[in-house]
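Visitor: Below are the chains, spelled out letter by letter.
Number of protein chains: 2
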Amino acid sequence: MVNRQLSIIKVGGKIVEEPESLQQLLDDFATIEGPKVLVHGGGRSATKLASTLGIESKMVNGRRITDAETLKVVTMVYGGLVNKNIVAGLQARGVNAVGLTGADMNVILSDKRPVKDIDYGFVGDVKQVDGKRLADLLQAGIIPVMAPLTHDGKGNILNTNADTIAGETAKGLAPYFDVTLIYCFEKKGVLRDENDDDSVIPTITRQQFTDLVAQGVIQGGMIPKLENAFQALHAGVKQVVITSANDVSGQQGTKIF
Amino acid sequence: MVNRQLSIIKVGGKIVEEPESLQQLLDDFATIEGPKVLVHGGGRSATKLASTLGIESKMVNGRRITDAETLKVVTMVYGGLVNKNIVAGLQARGVNAVGLTGADMNVILSDKRPVKDIDYGFVGDVKQVDGKRLADLLQAGIIPVMAPLTHDGKGNILNTNADTIAGETAKGLAPYFDVTLIYCFEKKGVLRDENDDDSVIPTITRQQFTDLVAQGVIQGGMIPKLENAFQALHAGVKQVVITSANDVSGQQGTKIF
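Going down the list, the protein sequences come from chains A and B.
Letter by letter, the first sequence follows residues 1 to 257 of my numbering.
Letter by letter, the second sequence follows residues 1001 to 1257 of my numbering.
In case anyone wonders, no lab produced these hints; they're calculated from the structure.
This one's a predicted model, so the numbers in the text were calculated from it and none came from an experiment.
Even glycine gets a Cβ: it sits at the ideal position worked out from N, Cα and C.
Be aware that one or more of the hints could be misleading.
Distance ranges between label pairs, derived from CB positions [unchecked claim]:
(1) B:Gly1221 / A:Ser51: 50 to 58 Å
(2) B:Asp1117 / A:Pro19: 45 to 53 Å
(3) B:Val1213 / A:Lys127: 38 to 46 Å
Straight-line alpha carbon distances no greater than 30 Å define the calculated BS3-like cross-link-like pairs of lysine-lysine that follow [what the hints assert, rightly or not]:
(4) B:Lys1014 / B:Lys1238
(5) B:Lys1238 / A:Lys112
(6) A:Lys48 / B:Lys1058
(7) B:Lys1014 / A:Lys154
(8) A:Lys154 / B:Lys1048
(9) A:Lys14 / B:Lys1127
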C-alpha cells in the first residue's frame, strides 16, 4: 500500500512574529499540496511580553526556565496570540486549520521535566503523541497548527520545545503517512562554512553526520537538531529537511536520510 | 427519531478566572452525562492584563471597545490562558476537550460590527456556525470548549460576546441534538425581587416574559439575555436555563420555554 504524503513544517518564532514574514509563510504554506501540519514557536513575543510585565526571562542552553508566571505568558502568547493569528490567516487562504496545544484532544501528553541540576519549571518532555487522532483530523481535511505547549494529564500546561513537538508529531504520524519533516530556520540549510550562506550541504547521511561532526564542520546547536532528525528517521519518518523559511515546501536546503 | 441530549453551558469570566471556582466548575462539568459544550468568558482577566500593559479598557453598554492592542490582549487571555487552562483541567478529569475559537476549523464566522454611532473595533457579529463540524466532534467523543473569539474569514480574529457564542452554537447544533442551553451567572436565576436571592422565577414563557417586563420585574441586562433565550428556542433549541454557576447541569434556576 502506498501511503499518502504528509508534510510537517516547523517554523521558528521570528518568522511568525513579524507581520510581513508571517504573511509570506502563510501564503507559502497554503500552496503546499495534500495533508500538512504547521508547528510554530513564539519565543521572541513571549520574551517581549514577559519583559513588559516585569517578568525576567531566564534561559539555560537556549531553553526557557518556566516558572508559574512565565507559564501564563507562554500560554497566552503561544496558545493564544501566535496560534490564533496563524489559524485565522490560514482560514483566509482557504486552509481549514485548527490550533492545538498538546492538551487539546489530548494530542500530546508530557512529563514535567524532572529537576536535576536545573529546575526548568513547567517544561514538558513529550511522552505520547496521539497520531491516530491527528491522522483522523488530516483525513477529514483539517490542518493542525501546533503551539509549543503540551500538558501533563494532571491539569497543567507545560512549555515544550517546538522542534521536539515537530519531531514527535512526525514520529506519531509515521504509521499513517509518508512523512517529510521540514525544519525552517534562518539559514538556507546545514552549512559547510557558517560564514558562507550558500555553502549548503545538500544531503547528509548518518555516516556523513558522524564524519562532519568529527571534522568540526557541524557544531553547536546544529548537532542536537540533526540528532533529532536521525531519531525521527529511525522511528519511521521518511525524510527530514533543514531549510530556510523561504522554502517551507523543503525543495532546497539539506536533506537528511 | 429521538435525538441525543446535548448540554451547552455558558459560564462567565468570574467563575473561570478564580482557581477555586474554576476547579469546582470543572468537577461539575465533568460529571454531566453525554455530549456537552462549554462556552467561557474571561473579561476580568483581560481587563487586568490590559491595565498592567497600560491599555485602557473602554466599555460601552457592557461591550468592550476592541482596538488593535486590546484585540491582542483578548486573543491571549481568552484563546490562550483561560481556554487552555480549562482544556487541561478537563483532560485531567477524563473529559477529552478541545479548545476552539471561531477561527479553528472555521466553526464560527462573523462580520466585523459596522460602525454606526460607536466604533466597537475588532468585534464580531456572528454570521454562521458550522453545526455539522461541531456535531462531528461531539459524535467522536470530543468536547468543545469555546472561547469568545470568532474570525471574519479575512484573517482577523474578532472579539465576540460569549452569551452570543453560546446562543448561536446552540442554534447551530439544534438540527443534530436536543439542545439544552444553560447560562450560568452570579444569581440563582431570574429573580422576582433583585434583593432576594431566593426569589427565583422557576419557569418563564414568552407571554410571561412580556408581562414581567411590563410590570418592571424583569429589567436591565436581563431583558437582552431573555430575548436571546427566546430567539434560541424559536430556532429549535429545546430549553434554555438561566441559573447559577453552582448548577451547571441546569437542574435549578429559571427554565425558559
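Visitor: Name the hints, by number, that the structure is in violation of.
Guide: Hint check: 1, 2, 3, 5 and 9 fail, others pass.
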